[in-house]
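Protein chains in written order, with numbering that gives the first Met the number 0: chain S, 0 to 114; chain X, 0 to 114; chain Z, 0 to 139; chain H, 0 to 139.
Bear in mind the hints are in silico, worked out from the structure with no lab data behind them. The structure presented is a predicted model; accordingly, all values stated were derived computationally and were not measured. For glycine and all other residues, C-beta sits at the position ideal for the given N, C-alpha and C. Mixed in with the good hints, there may be bad ones.
What the hints assert, rightly or not - Counterexamples of contact, computed for chain H against chain Z with all Cβ distances above 10 Å:
{"no.": "1", "residue": "A8"}
{"no.": "2", "residue": "Q85"}
{"no.": "3", "residue": "L98"}
{"no.": "4", "residue": "R105"}
Claimed, not checked - Here are the simulated lysine-lysine pairs, DSS-like style, with alpha carbons at most 25 Å apart:
{"no.": "5", "chain 1": "X", "residue 1": "K78", "chain 2": "S", "residue 2": "K3"}
{"no.": "6", "chain 1": "S", "residue 1": "K78", "chain 2": "S", "residue 2": "K94"}
{"no.": "7", "chain 1": "X", "residue 1": "K85", "chain 2": "Z", "residue 2": "K65"}
{"no.": "8", "chain 1": "X", "residue 1": "K94", "chain 2": "X", "residue 2": "K40"}
{"no.": "9", "chain 1": "X", "residue 1": "K3", "chain 2": "X", "residue 2": "K35"}
{"no.": "10", "chain 1": "X", "residue 1": "K102", "chain 2": "X", "residue 2": "K78"}
{"no.": "11", "chain 1": "Z", "residue 1": "K65", "chain 2": "H", "residue 2": "K79"}
{"no.": "12", "chain 1": "X", "residue 1": "K85", "chain 2": "X", "residue 2": "K40"}
{"no.": "13", "chain 1": "X", "residue 1": "K40", "chain 2": "S", "residue 2": "K85"}
{"no.": "14", "chain 1": "H", "residue 1": "K79", "chain 2": "H", "residue 2": "K125"}
{"no.": "15", "chain 1": "H", "residue 1": "K65", "chain 2": "H", "residue 2": "K79"}
{"no.": "16", "chain 1": "H", "residue 1": "K79", "chain 2": "S", "residue 2": "K85"}
{"no.": "17", "chain 1": "Z", "residue 1": "K79", "chain 2": "H", "residue 2": "K125"}
Stated by the list, open to error - Coverage of chain H stretches by chain S, computed from C-beta distances (three or more under 8 Å per stretch; other residues unrestricted):
{"no.": "18", "stretch": "64-73"}
{"no.": "19", "stretch": "110-118"}
{"no.": "20", "stretch": "124-130"}
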Amino acid sequence: MSMKYTTRQVDGVTILDLSGRITLGDGSVTLRDAVKDVLTKGSKSILLNLENVDYIDSSGLGELVSAFTTVKNQGGELKLLHLTTKVHDLLQITKLYTVFDIKDDEASAIGSFAA
Amino acid sequence: MSMKYTTRQVDGVTILDLSGRITLGDGSVTLRDAVKDVLTKGSKSILLNLENVDYIDSSGLGELVSAFTTVKNQGGELKLLHLTTKVHDLLQITKLYTVFDIKDDEASAIGSFAA
Amino acid sequence: MAEGTTSRASLTLESTIASVNVVEEAALEYARAAGFSPDIASHLSMVAGEAAANAVIHGNKQDSAKRITATFEIAGPALKITIADQGAGLDPDTIPDPLAPENLLRSSGRGVFLMRAFMDEVNFRKLNPGTEITLVKRRT
Amino acid sequence: MAEGTTSRASLTLESTIASVNVVEEAALEYARAAGFSPDIASHLSMVAGEAAANAVIHGNKQDSAKRITATFEIAGPALKITIADQGAGLDPDTIPDPLAPENLLRSSGRGVFLMRAFMDEVNFRKLNPGTEITLVKRRT
Ligand SMILES: Nc1ncnc2c1ncn2[C@@H]1O[C@H](COP(=O)(O)OP(=O)(O)O)[C@@H](O)[C@H]1O
Ligand SMILES: Nc1ncnc2c1ncn2[C@@H]1O[C@H](COP(=O)(O)OP(=O)(O)O)[C@@H](O)[C@H]1O
């Protein structure tokens, strides 16, 4: 029902592979905790792989924005990878598409971080 | 939401790999049509792989029984393979466990058909 | 949810299979909210769906003028679900035993049996017209 | 479901997140029953959930004494959903535009915008007390 994630490290970038739903309640809280956890561990280059996230609501969008600004305020970068059409459309109509750095290819996404 | 299946032929046995829910409405109808289809094509040795069926209700149980008797009445055999704990428990409390020939291993299940 | 908390939801639904699914989903949500394990929540949802299916099919006979109602109440350590219809009613004592050898191969008749197997209490009450079934499950 | 068919469901639910999920699931069921595509049904469900979340959180402020109601009506080629709460009410004209540059990085404030983006009609009505929001989507 709600969101799950696993964490990988590639060339100094922490990749969170998210799956499920980022919505009011569990899903949003899980995302917030996950990003906090990565920052606490000292990593400031974060790539959220949204390939398996098929459902986001306005709370989930809000959590993505919060994660983005939290990481940025700590001098880091948070980027998005592999949007589904549904999530892509949602970011487009809310103009959040212009806020996030959105990537299609994992290797070049990793290379794009300031390091 | 509802049930899906794919069909395989192994040594004269038709294996239906079911997944999803066998419940009132779509799931039950899909199972009925699938078994009818196999019989129409002339195969009378049918193995239902329930490994990926995680939810059955009383309608679904009824459809399993119907499939069993339909195949039997045409001189064939219908057996069950790889029950989840949940489905196993449901067959146990309804005593349907004693009606069906239930297998754990695909190879020996195939060998057990009269051919 | 804290012990002693009482919460209530009531649904009035048309006599369709979509309504059966809504009752199943609602039962799953409230079972989770009441703190039941995923396995028990799944059984509660299934059994609530059986009662709703009976109300829609046997009770209201899918008559578009008739409604079913479902209520959910979390009270202390128990979830109480009621499902009511506006049908002709039933005598629970006349429901055949699905475990009897002559019924084992029937393609239906296991719904009320499953309710009794998975719930702590199953009660039928005659309405005028219709049937109300009360299902209670306690956390242990 | 045939053109012209009208069906109705009404849900009275406590002011909890579980109730938001129940509204989402019910919207999904009735959107399917009304013949909407899976994508549109998913949007309808999300938007109904946004309205229910607002009713629970902003309207009733999760007060356990207050209820939200949700109704679903399939009428001809349209699904009409209403969500009502017993809160202080709102003036829809004062809702900030989430697309304005100064609001783009806010972590909330996109719910009503999404309702308007995905539905054919979004209307607010003042209750005494509370707010009723009506969402209409037509099959094209
Ligand atoms: N709400 C109801 N109104 C009228 N009759 C009912 C109702 N619920 C159950 N019954 C009767 O009880 C019988 C047994 O129900 P059940 O055990 O659920 O099996 P099934 O629905 O598969 O027949 C039904 O066949 C029906 O005759
Ligand atoms: N049912 C309601 N009762 C009272 N106020 C509401 C209601 N729905 C929305 N609002 C107000 O409108 C604002 C915008 O709502 P919305 O666009 O859904 O964004 P969000 O819920 O994320 O703040 C809310 O912050 C709230 O002040």
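How the hints compare with the structure:
1. In this structure A8 of chain H is not separated from chain Z by more than 10 Å, as the shortest Cβ-Cβ distance comes to only about 4 Å.
2. Non-interface status of Q85 of chain H relative to chain Z is upheld: no Cβ of that chain comes within 10 Å, the nearest being about 14 Å off.
3. The Cβ of L98 of chain H lies farther than 10 Å from every Cβ of chain Z, with a closest approach of about 33 Å, so its non-interface assignment holds.
4. No Cβ of chain Z comes within 10 Å of the Cβ of R105 of chain H; the nearest lies about 29 Å off, and the non-interface call holds.
5. For the hint linking K78 of chain X to K3 of chain S, the alpha-carbon distance of about 36 Å lies beyond 25 Å, and the restraint is violated.
6. For the suggested pair K78 of chain S and K94 of chain S, the alpha carbons sit about 16 Å apart, so the restraint of at most 25 Å is met.
7. Restraint check for K85 of chain X and K65 of chain Z: the C-alpha separation of about 34 Å exceeds 25 Å, so the hint is violated.
8. For the suggested pair K94 of chain X and K40 of chain X, the alpha carbons sit about 31 Å apart, so the restraint of at most 25 Å is broken.
9. Restraint check: the Cα-Cα separation between K3 of chain X and K35 of chain X comes to about 15 Å, which is no more than 25 Å; the hinted pair holds.
10. With a C-alpha separation of about 7 Å, the suggested pair K102 of chain X and K78 of chain X falls inside the 25 Å cut-off, and the hint holds.
11. This hinted pair checks out: K65 of chain Z and K79 of chain H have alpha carbons roughly 20 Å apart, not beyond 25 Å.
12. For the hint pairing K85 of chain X with K40 of chain X, the CA-to-CA distance comes to about 32 Å; that exceeds 25 Å, so the pair is violated.
13. Distance hint between K40 of chain X and K85 of chain S is unfulfilled; the C-alpha atoms sit about 40 Å from each other, more than 25 Å.
14. About 18 Å separates the Cα atoms of K79 of chain H and K125 of chain H, which keeps this hinted pair within 25 Å; it holds.
15. For the hint linking K65 of chain H to K79 of chain H, the alpha-carbon distance of about 23 Å falls within 25 Å, and the restraint holds.
16. Taking the CA atoms of K79 of chain H and K85 of chain S, the gap is near 23 Å; set against the 25 Å cutoff, the hint holds.
17. Between K79 of chain Z and K125 of chain H the CA atoms are separated by roughly 34 Å; this puts the pair beyond 25 Å, and the hint is violated.
18. For the stretch 64-73 of chain H, the proposed coverage by chain S is not satisfied: 0 residues have a C-beta within less than 8 Å of a C-beta in that chain, short of the threshold of three.
19. Here the stretch 110-118 of chain H counts 4 residues with a CB under 8 Å from a CB of chain S, which clears the bar of 3, and the coverage holds.
20. Counting residues of the stretch 124-130 of chain H whose C-beta lies closer than 8 Å to any C-beta of chain S gives 0; at least three are required, and the coverage claim is violated.
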